[in-house]
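Chemist: Note that the protein sequences, when read in sequence, are chains A and B.
For the first sequence, position 35 (counting from the first letter as 1) is numbered 34 according to numbering that gives the first Met the number 0, and the numbering increases by one without interruption.
For the second sequence, position 80 (counting from the first letter as 1) is numbered 79 according to numbering that gives the first Met the number 0, and the numbering increases by one without interruption.
Heads up, a few of these hints could be off.
[Said to hold, decoys possible] Below, computed lysine to aspartate or glutamate pairings styled on EDC-like, alpha-carbon distance capped at 20 Å:
| id | chain 1 | residue 1 | chain 2 | residue 2 |
| --- | --- | --- | --- | --- |
| 1 | B | 290 | B | 194 |
| 2 | A | 41 | B | 324 |
| 3 | B | 383 | B | 117 |
| 4 | B | 215 | B | 240 |
| 5 | B | 242 | A | 19 |
| 6 | B | 215 | B | 127 |
| 7 | A | 41 | A | 61 |
| 8 | B | 109 | B | 127 |
| 9 | B | 242 | A | 46 |
| 10 | B | 350 | A | 77 |
| 11 | B | 380 | B | 298 |
| 12 | A | 1 | B | 232 |
| 13 | B | 245 | A | 60 |
| 14 | B | 245 | B | 222 |
| 15 | B | 350 | B | 127 |
| 16 | B | 151 | B | 125 |
| 17 | A | 1 | A | 77 |
| 18 | A | 41 | B | 182 |
| 19 | B | 323 | A | 38 |
| 20 | B | 260 | B | 248 |
| 21 | B | 215 | B | 24 |
| 22 | B | 350 | B | 337 |
| 23 | B | 380 | B | 127 |
| 24 | B | 151 | B | 117 |
| 25 | B | 350 | B | 378 |
| 26 | B | 260 | B | 121 |
| 27 | A | 1 | B | 240 |
| 28 | B | 260 | B | 117 |
| 29 | A | 41 | B | 68 |
| 30 | B | 245 | A | 61 |
| 31 | B | 242 | A | 60 |
| 32 | B | 242 | A | 38 |
| 33 | B | 350 | B | 324 |
| 34 | B | 215 | B | 28 |
| 35 | B | 260 | B | 125 |
| 36 | B | 350 | A | 60 |
| 37 | B | 380 | B | 294 |
Since the hints were made in silico from the structure, they are not lab data.
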Amino acid sequence: MKILIPTPLQSYAGGQSAVEVPASTVGEAVQALLSSHPELRKHLYNEQGRLRAFVNLYLNEDDVRYLQHEQTPVADGDTLSIVPSIAGGRS
Amino acid sequence: MASLADQALNNDEILRYSRHLIMPEVGMDGQRKLKQARVLCVGAGGLGSPLALYLAAAGVGTLGIVDFDVVDFSNLQRQIIHSTADVGRKKLDSAAETITGINPNVNVCKFETRLTSDNAMEIFRDFDLVVDGTDNFATRYLVNDACVLSGKPNVYGSIFRFEGQASVFGAKDGPCYRCLYPEPPPPGLVPSCAEGGVLGILPGLVGVIQATEAIKLILGTGEPLIGRLLLVDALAMRFRELKLRKNPDCPVCGNHRTISKLIDYEQFCGISGQEKPANGRSGDMTPEELKQRLDAGDDLFVLDVRDPHEYQICNLGGHLIPLKDLPQRVSELDPSREIVVHCKMGGRSAKAVDFLKQNGFSNVHNLAGGIQAWAERVDPKVPKY
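Put together the whole structure using the sequences plus the hints.
Modeler: In structure tokens:
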């Protein structure tokens, strides 16, 4: 499946805006991404290993919080989007 | 409040708005609704510029603007409501003048203040809807909560580099910003536009989307961006749409609300108590100190942790290792030497200093305020960017 990396996180993913990973669930897809780009981990997960509250994962158009979170099954043609909050000028 | 019938249009206005009036979706009734509408723009910067211009041109009767900033040369690349001659003026005055120039029928209400928990409810009271053109997380959560608490729609837009987001929050039965993002990122984890940059047209694109949504809400026509998050990627020129849901556990609009009045948003965003980079932390070096030490011939190793394209803009002749490459390239540095690390404004270099200290470097300083402060206070020949 395809994972779309947002601009603020691309520098932690080798500058790529999208990566293809083999996966059967959302969680597997993210783990596959993190194993090739370990620097991304702290931007997606907190110290307790929970997805950060300012980062959302969307399977196609849907927030995985309202599906089965990281256990949500995925198919080959699906797209997983990482959507972090952005504020603009100042931080 | 004046009724819609009182919002008569004179002949000049009829001519001015003729392209609206001949469309049944707007028509006389719609144009009167626009004239009666009171829209508050929070911020007269990148997003606020295009949206205020279009709302004024469209005939929105009352435009409130909240801003306390002054026009800077670096704003002109995207903040099109201000012109070169306005540099140094209050953004509020410059914006009001441009708006009046476009449409003298608009009543501009200027609020020269930072939006705070103490003044937000009072400022919002006299407006029908709020357009969020702010540039920081604390004010975004404040705008969201004040909109939810006062029952006013919040037309949201946000940008970073080539990417933007837009939605309408706080509408009746619709989700709010907190439903999407319950908490802000800790300070420093997400780069700002001042450090990460922003394509000048992007706030134009996103601000005009916000203006479109504001006008649709006023007219009560079309499908507003309620419950949808629009993602704009200017580089790929792709627009995507994600579904947003009202979070039943949302602390401000959910079923068991824990926020019934405005809170301390600086604290919520982890900002209060944290010293700004320019004010210095322990072990920081000021630009003046660095100058003095270099002039005295002290053996200092200057490390620049910006990106190579920034180094091209200006540099202090330091050794360049971009922050993200530092872990792999740390062997290029000598732990026994005294090292001064700098970036543009002091944020990235502070992270580099922390990293170096954790990795056995004991004599490392952060240049407070970065090369920007150096340009301002030591060497005016160095360009600011």
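Chemist: Indicate, hint by hint, whether the structure satisfies it.
Modeler: Hints versus structure:
For the given pair, residue 290 (chain B) sits about 24 Å from residue 194 (chain B) by alpha-carbon distance, which is inconsistent with the 20 Å threshold. This hinted pair checks out: residue 41 (chain A) and residue 324 (chain B) have alpha carbons roughly 16 Å apart, not beyond 20 Å. Taking the CA atoms of residue 383 (chain B) and residue 117 (chain B), the gap is about 35 Å. The hint is violated against a cut of 20 Å. For the hint pairing residue 215 (chain B) with residue 240 (chain B), the CA-to-CA distance comes to about 18 Å; that is within 20 Å, so the pair holds.
Pair hint residue 242 (chain B) plus residue 19 (chain A) does not hold up; C-alpha atoms about 23 Å apart against a cutoff of 20 Å. The hinted pair formed by residue 215 (chain B) and residue 127 (chain B) meets the criterion: a straight-line CA distance of about 13 Å does not exceed 20 Å. In summary, the hint linking residue 41 (chain A) to residue 61 (chain A) is not supported, as the alpha carbons are separated by about 23 Å, beyond the 20 Å threshold. Only pairs whose Cα atoms come within 20 Å are accepted, and residue 109 (chain B) paired with residue 127 (chain B) is accepted, the gap being roughly 16 Å.
Of the pairs offered as hints, the one joining residue 242 (chain B) and residue 46 (chain A) is violated, with about 28 Å between alpha carbons and a cut-off of 20 Å exceeded. For the hint pairing residue 350 (chain B) with residue 77 (chain A), the CA-to-CA distance comes to about 36 Å; that exceeds 20 Å, so the pair is violated. A threshold of 20 Å between alpha carbons decides the hint, and for residue 380 (chain B) with residue 298 (chain B) the separation of about 24 Å lies outside it, so the pair is violated. Taking the CA atoms of residue 1 (chain A) and residue 232 (chain B), the gap is about 17 Å. The hint holds against a cut of 20 Å.
In summary, the hint linking residue 245 (chain B) to residue 60 (chain A) is supported, as the alpha carbons are separated by about 15 Å, within the 20 Å threshold. At most 20 Å may separate the alpha-carbon atoms for a hinted pair to count; residue 245 (chain B) and residue 222 (chain B) meet this at roughly 18 Å. This hinted pair does not check out: residue 350 (chain B) and residue 127 (chain B) have alpha carbons roughly 43 Å apart, beyond 20 Å. A threshold of 20 Å between alpha carbons decides the hint, and for residue 151 (chain B) with residue 125 (chain B) the separation of about 11 Å falls inside it, so the pair holds.
For the proposed pair residue 1 (chain A) and residue 77 (chain A), the alpha carbon gap of about 7 Å is at most 20 Å, so the pair holds. For a cut-off of 20 Å, the pair hint linking residue 41 (chain A) to residue 182 (chain B) stands: about 16 Å separates their Cα positions. The straight-line distance between the Cα atoms of residue 323 (chain B) and residue 38 (chain A) is roughly 9 Å, inside the 20 Å bound, and the hint therefore holds. Simply put, residue 260 (chain B) and residue 248 (chain B) have alpha-carbon atoms about 17 Å apart, close enough for the 20 Å limit, and the pair holds.
Under the criterion of a C-alpha separation no larger than 20 Å, the hint pairing residue 215 (chain B) with residue 24 (chain B) is consistent with the structure, at around 10 Å. Only pairs whose Cα atoms come within 20 Å are accepted, and residue 350 (chain B) paired with residue 337 (chain B) is accepted, the gap being roughly 17 Å. For the hint pairing residue 380 (chain B) with residue 127 (chain B), the CA-to-CA distance comes to about 48 Å; that exceeds 20 Å, so the pair is violated. With a C-alpha separation of about 18 Å, the suggested pair residue 151 (chain B) and residue 117 (chain B) falls inside the 20 Å cut-off, and the hint holds.
With a C-alpha separation of about 25 Å, the suggested pair residue 350 (chain B) and residue 378 (chain B) falls outside the 20 Å cut-off, and the hint is violated. As the CA atoms of residue 260 (chain B) and residue 121 (chain B) are separated by approximately 13 Å, the hinted pair is consistent with the 20 Å bound. With a CA separation close to 17 Å, the supplied pair residue 1 (chain A) and residue 240 (chain B) stays within the 20 Å bound. The straight-line distance between the Cα atoms of residue 260 (chain B) and residue 117 (chain B) is roughly 10 Å, inside the 20 Å bound, and the hint therefore holds.
Distance hint between residue 41 (chain A) and residue 68 (chain B) is unfulfilled; the C-alpha atoms sit about 34 Å from each other, more than 20 Å. Of the pairs offered as hints, the one joining residue 245 (chain B) and residue 61 (chain A) holds, with about 13 Å between alpha carbons and a cut-off of 20 Å not exceeded. For a cut-off of 20 Å, the pair hint linking residue 242 (chain B) to residue 60 (chain A) stands: about 6 Å separates their Cα positions. Restraint check for residue 242 (chain B) and residue 38 (chain A): the C-alpha separation of about 28 Å exceeds 20 Å, so the hint is violated.
At roughly 13 Å between alpha-carbon atoms, residue 350 (chain B) and residue 324 (chain B) fall within 20 Å of each other, so this suggested pair holds. For a cut-off of 20 Å, the pair hint linking residue 215 (chain B) to residue 28 (chain B) stands: about 13 Å separates their Cα positions. Of the pairs offered as hints, the one joining residue 260 (chain B) and residue 125 (chain B) holds, with about 18 Å between alpha carbons and a cut-off of 20 Å not exceeded. Distance hint between residue 350 (chain B) and residue 60 (chain A) is unfulfilled; the C-alpha atoms sit about 35 Å from each other, more than 20 Å.
Annotation: proposed proximity of residue 380 (chain B) to residue 294 (chain B) holds, straight-line Cα distance about 17 Å (limit 20 Å).
In the structure shown, a violation is registered for the earlier hints numbered 1, 3, 5, 7, 9, 10, 11, 15, 23, 25, 29, 32, 36, in ascending order.
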